[in-house]
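K.L.:
Below are the chains, spelled out letter by letter.
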Amino acid sequence: MAEKFHTELEKLKADTLEMAHLGRFMLRTAVDALIRQDAELAASVVARKEEIHRMEVRLEEHCYHLIALNQPMARDMRFIACTLKLITASLRIGRYGKVIANIVKEILDKPHIANLMSIPHMADLVIDMVDDAVAAYESDNLRLIDDFSSRDDTVDALRHSIFREGITYMMEDPKNISRCTHYIMVARYLERCADHACKIAENVQYMETGERVEIH
Amino acid sequence: MSDAAIITTNNVNLWYNEKQALQSVSIKIPKNRVTSLIGPSGCGKSTLLRCFNRLNDLIDHVKITGEITLDDENIHAPSTDVVTLRKKVGMVFQKPNPFPKTIYENVAYGPRVHGVRDKAELDKIVEQSLRHAAIWDEVKERLNDSALGLSGGQQQRLCIARTLAVEPEVILMDEPCSSLDPIATAKIENLIERLKEDYTVIIVTHNMQQAARVSDYTGFMYLGKLIECGKTGQIFEHPKEELTENYITGRFG
Numbered sequence: 001m002a003e004k005f006h007t008e009l010e011k012l013k014a015d016t017l018e019m020a021h022l023g024r025f026m027l028r029t030a031v032d033a034l035i036r037q038d039a040e041l042a043a044s045v046v047a048r049k050e051e052i053h054r055m056e057v058r059l060e061e062h063c064y065h066l067i068a069l070n071q072p073m074a075r076d077m078r079f080i081a082c083t084l085k086l087i088t089a090s091l092r093i094g095r096y097g098k099v100i101a102n103i104v105k106e107i108l109d110k111p112h113i114a115n116l117m118s119i120p121h122m123a124d125l126v127i128d129m130v131d132d133a134v135a136a137y138e139s140d141n142l143r144l145i146d147d148f149s150s151r152d153d154t155v156d157a158l159r160h161s162i163f164r165e166g167i168t169y170m171m172e173d174p175k176n177i178s179r180c181t182h183y184i185m186v187a188r189y190l191e192r193c194a195d196h197a198c199k200i201a202e203n204v205q206y207m208e209t210g211e212r213v214e215i216h
Numbered sequence: 001m002s003d004a005a006i007i008t009t010n011n012v013n014l015w016y017n018e019k020q021a022l023q024s025v026s027i028k029i030p031k032n033r034v035t036s037l038i039g040p041s042g043c044g045k046s047t048l049l050r051c052f053n054r055l056n057d058l059i060d061h062v063k064i065t066g067e068i069t070l071d072d073e074n075i076h077a078p079s080t081d082v083v084t085l086r087k088k089v090g091m092v093f094q095k096p097n098p099f100p101k102t103i104y105e106n107v108a109y110g111p112r113v114h115g116v117r118d119k120a121e122l123d124k125i126v127e128q129s130l131r132h133a134a135i136w137d138e139v140k141e142r143l144n145d146s147a148l149g150l151s152g153g154q155q156q157r158l159c160i161a162r163t164l165a166v167e168p169e170v171i172l173m174d175e176p177c178s179s180l181d182p183i184a185t186a187k188i189e190n191l192i193e194r195l196k197e198d199y200t201v202i203i204v205t206h207n208m209q210q211a212a213r214v215s216d217y218t219g220f221m222y223l224g225k226l227i228e229c230g231k232t233g234q235i236f237e238h239p240k241e242e243l244t245e246n247y248i249t250g251r252f253g
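Those protein sequences? They're chains A and B, same order as listed.
Take 1 as the starting number for the first sequence in this note's numbering and just add one per residue.
Take 1 as the starting number for the second sequence in this note's numbering and just add one per residue.
Rather than coming from a laboratory, the hints here were simulated on the basis of the structure.
Any given hint might turn out to be false.
[As the list claims (entries may be wrong)] Quick list of in silico lysine to aspartate or glutamate cross-link-like pairs, DMTMM-like style, CA-CA up to 25 Å:
| hint | chain 1 | residue 1 | chain 2 | residue 2 |
| --- | --- | --- | --- | --- |
| 1 | B | K231 | B | E169 |
| 2 | B | K231 | A | D146 |
| 3 | B | K240 | A | E202 |
| 4 | A | K4 | B | E237 |
| 5 | A | K98 | A | D195 |
| 6 | B | K231 | A | E208 |
| 7 | B | K240 | A | E211 |
| 8 | B | K231 | A | E202 |
| 9 | B | K240 | A | E208 |
| 10 | A | K4 | B | E241 |
| 11 | A | K85 | B | E121 |
| 12 | A | K13 | B | E242 |
| 13 | B | K240 | A | E138 |
| 14 | B | K231 | A | E211 |
| 15 | B | K240 | A | D146 |
| 16 | B | K240 | A | E3 |
| 17 | A | K11 | B | E237 |
| 18 | B | K240 | A | D140 |
| 19 | A | K11 | B | E242 |
| 20 | B | K225 | B | E241 |
[What the hints assert, rightly or not] Derived CB-CB ranges, DEER-like:
| hint | chain 1 | residue 1 | chain 2 | residue 2 | range |
| --- | --- | --- | --- | --- | --- |
| 21 | B | D145 | A | E211 | 37 to 43 Å |
| 22 | B | S151 | A | H21 | 51 to 57 Å |
| 23 | A | H65 | B | P40 | 25 to 31 Å |
| 24 | A | H65 | B | K101 | 45 to 51 Å |
| 25 | B | S179 | A | F5 | 25 to 31 Å |
| 26 | A | K4 | B | S151 | 30 to 36 Å |
| 27 | B | G149 | A | V57 | 52 to 58 Å |
| 28 | B | G42 | A | V57 | 54 to 60 Å |
| 29 | B | A186 | A | H65 | 35 to 41 Å |
| 30 | A | H121 | B | S26 | 56 to 62 Å |
| 31 | B | N246 | A | T181 | 53 to 59 Å |
| 32 | B | P40 | A | E50 | 44 to 50 Å |
Cβ atoms here follow ideal geometry from the backbone N, Cα and C, with glycine treated the same way.
Only chain A is shown next, with the shape it has when bound in the complex:
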C-alpha cells in the first residue's frame, strides 16, 4: 500500500510542477507582451486563466484525497503541505500574469515612458526567483534558495525605485499619470510574485528539514 501511495505522491509532484510551470509561463509571457506592447500575446495569457484554476482545484482535491486515505506522516506529510502551498502560490503568480496582461491593452496607444523604467530587469529577477523556488521543490536542492532574503530585498528596492521614478514622470506631465500608475501597479504585482517565491522557498525548506524559516 505504501508503494502505491508513494507512486501517487510522484504523480502529484509531476502535476504540481506542471501547474507551477504554467503560472510562471503566464507571468513571463505577460511581461514580454507588456514590453513589446503585443496585444495578441497578452490575450493568449488571459485565455489560460480557466486552465490554471481548474488545475488548482484538481490538485488540491488530489492532496486532500491523499491525506484522507493515507494519513501521511513525517516527510510525506511535509511534502503534501508544501505542495498545497506551491499550488496556491502558482495560481497567484499565474493570476498576476493575467492582471499584467490585461494592462497591456490599456497602454498600447503610445510608446513606453523611459523604456518601462526598471520593470524588465525587475521581472527577470522575480522570474528567476520563481524558477529557483520551483526547481528547489523539484530537486530538493536547498542551495537554490539560500540567498532568497537578499534577492527579495533587491526586488523590494526596485519596486520602491519604480514608484519614485513614476511619481517624477507624473509630476512632469499629468498625461503620464495613467501610464505611470500602471507601471507602479505592475511593479507591485511583480513584488508580490517575489513574495510568493519566498513562500514557496520557506515551504521547501520545511519539506526538506522540518524546520520553519521566515524569509523577509
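Assemble the complex: chain A is given as a structure, and chain B must be docked to it using the hints.
P.N.:
Below, chain B alone, put in the same frame as chain A:
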C-alpha cells in the same frame, strides 16, 4: 525530555537464549504522560515493555543486563519484591483476558490478593475502578454476571479496571486495541487520555495513527535498539533519524 521520569532504563540488554532482543536501550518514561513504543514486528518493543514489570522473568533462559529504575529504585535489586513491583506496574494485554468469574470478582480479585477483606471497602474499589475505566454505567446493573458475557471492548475496559483496582503507578498496554473494532478502540483511546491524570501509561502499538493520537512521547525501536524517542509531534512531523522517517512513512516495516 523535559517531564520528570518515573521509569529509567540504562543500557539494557536482553537475550532469549543466544538471541539478543534488546541492545543498550536507554529510555526515560515521563511520569503522568502517555508514551508509545512503535516499530516493526520483532523490534523488541513488547520485550522492553515486559522488562518494566519483570514479566520476562517468567521466561526460561532470559538474561538481562543494565539497569531499570522505577521511582529511582532498581527493580532488579534483591530487596525488590516482584509482586509489589507488578502491583505498581500493571499490565493490559492484546487480547482481553478476564477471569472466568463475575464482573465484580474480576475487579475485586487484585485488592483481595493484596489483603483487602472489608466488603464495603471492596465495593468502593470496584465501583471506583470501573468508573475510572469508563465502564461503570454499562455494567453497574449486572456486576454478578460473568465477565465472559461482555463484548470485547467491554472486556478490555474491565481488564483495565482490574489493573486500576490495585492502584498502580504505571500501566503497560501491549497492543490494547488490536482485537477491538473502531468504536471500542475510540473508547479505550479516550480512556487512556483520562488515565494519564493519575497514572503513567506506556503503550505498545503497531498502529502509528494510534500512537500519534494518544501519546505525548513516542519511541521508535528497530532490531532491538531504541532508534529515537521524543515528543510525539516531533517524531511524526520531523523525526531526526532517517530510519524513523522511513518507517513511519511506510518505506519499510
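K.L.:
Compare the structure with each hint and give your call.
P.N.:
We went through each hint and held it up to the structure:
A distance of roughly 21 Å separates the Cα atoms of K231(B) and E169(B); the hinted pair therefore holds under the 25 Å criterion. Between K231(B) and D146(A), the direct Cα distance comes to roughly 29 Å. Violation of the 25 Å bound is thereby established for this hinted pair. A threshold of 25 Å between alpha carbons decides the hint, and for K240(B) with E202(A) the separation of about 19 Å falls inside it, so the pair holds. Simply put, K4(A) and E237(B) have alpha-carbon atoms about 21 Å apart, close enough for the 25 Å limit, and the pair holds.
Proposed proximity of K98(A) and D195(A) is supported: the alpha carbons are some 17 Å apart, at most 25 Å. Simply put, K231(B) and E208(A) have alpha-carbon atoms about 20 Å apart, close enough for the 25 Å limit, and the pair holds. Under the criterion of a C-alpha separation no larger than 25 Å, the hint pairing K240(B) with E211(A) is consistent with the structure, at around 11 Å. As the CA atoms of K231(B) and E202(A) are separated by approximately 24 Å, the hinted pair is consistent with the 25 Å bound.
Among the hinted pairs, K240(B) with E208(A) is consistent with the structure: their alpha-carbon atoms are about 12 Å apart, no more than 25 Å. With a C-alpha separation of about 24 Å, the suggested pair K4(A) and E241(B) falls inside the 25 Å cut-off, and the hint holds. The straight-line distance between the Cα atoms of K85(A) and E121(B) is roughly 60 Å, outside the 25 Å bound, and the hint therefore fails. Proximity of K13(A) to E242(B) is assessed by CA-CA distance (about 22 Å); at most 25 Å being required, the pair is judged to hold.
Between K240(B) and E138(A) the CA atoms are separated by roughly 22 Å; this keeps the pair inside 25 Å, and the hint holds. Taking the CA atoms of K231(B) and E211(A), the gap is about 15 Å. The hint holds against a cut of 25 Å. Among the hinted pairs, K240(B) with D146(A) is consistent with the structure: their alpha-carbon atoms are about 22 Å apart, no more than 25 Å. Restraint check for K240(B) and E3(A): the C-alpha separation of about 23 Å stays at or below 25 Å, so the hint holds.
Note on K11(A) and E237(B): the hinted pairing holds, with a Cα-Cα distance of about 22 Å set against a maximum of 25 Å. Between the alpha carbons of K240(B) and D140(A) the distance comes to roughly 18 Å, so the proposed pair stays at or under 25 Å and holds. Between K11(A) and E242(B) the alpha-carbon distance is near 23 Å, which keeps this suggested pair within the 25 Å criterion. Taken as a hint, the K225(B) and E241(B) pair is honoured in the structure, with Cα atoms around 13 Å apart against an allowance of 25 Å.
Evaluation of the 37 to 43 Å hint for D145(B) and E211(A) yields a failure: the beta carbon distance comes to about 57 Å. Restraint check, S151(B) to H21(A): a C-beta distance of roughly 56 Å satisfies the suggested window 51 to 57 Å. The supplied range of 25 to 31 Å is met by H65(A) and P40(B), whose beta-carbon atoms lie about 27 Å from each other. At about 49 Å, the beta-carbon gap between H65(A) and K101(B) stays in the expected band of 45 to 51 Å.
The given range of 25 to 31 Å is respected by S179(B) and F5(A), whose C-beta atoms sit roughly 26 Å from each other. Range check, K4(A) to S151(B): Cβ separation about 34 Å, and the 30 to 36 Å hint holds. A C-beta distance of roughly 53 Å is found between G149(B) and V57(A), which places it inside the suggested range of 52 to 58 Å. At roughly 45 Å, the beta-carbon separation of G42(B) and V57(A) lies outside the given 54 to 60 Å, and the hint is violated.
Under the hint 35 to 41 Å, the C-beta atoms of A186(B) and H65(A), about 24 Å apart, miss the expected range. With their beta carbons about 59 Å apart, H121(A) and S26(B) fall inside the hinted range of 56 to 62 Å. In this structure the supplied range 53 to 59 Å holds for N246(B) paired with T181(A), their Cβ-Cβ distance being about 55 Å. As the Cβ distance of P40(B) to E50(A) is approximately 48 Å, the hint placing it in 44 to 50 Å holds.
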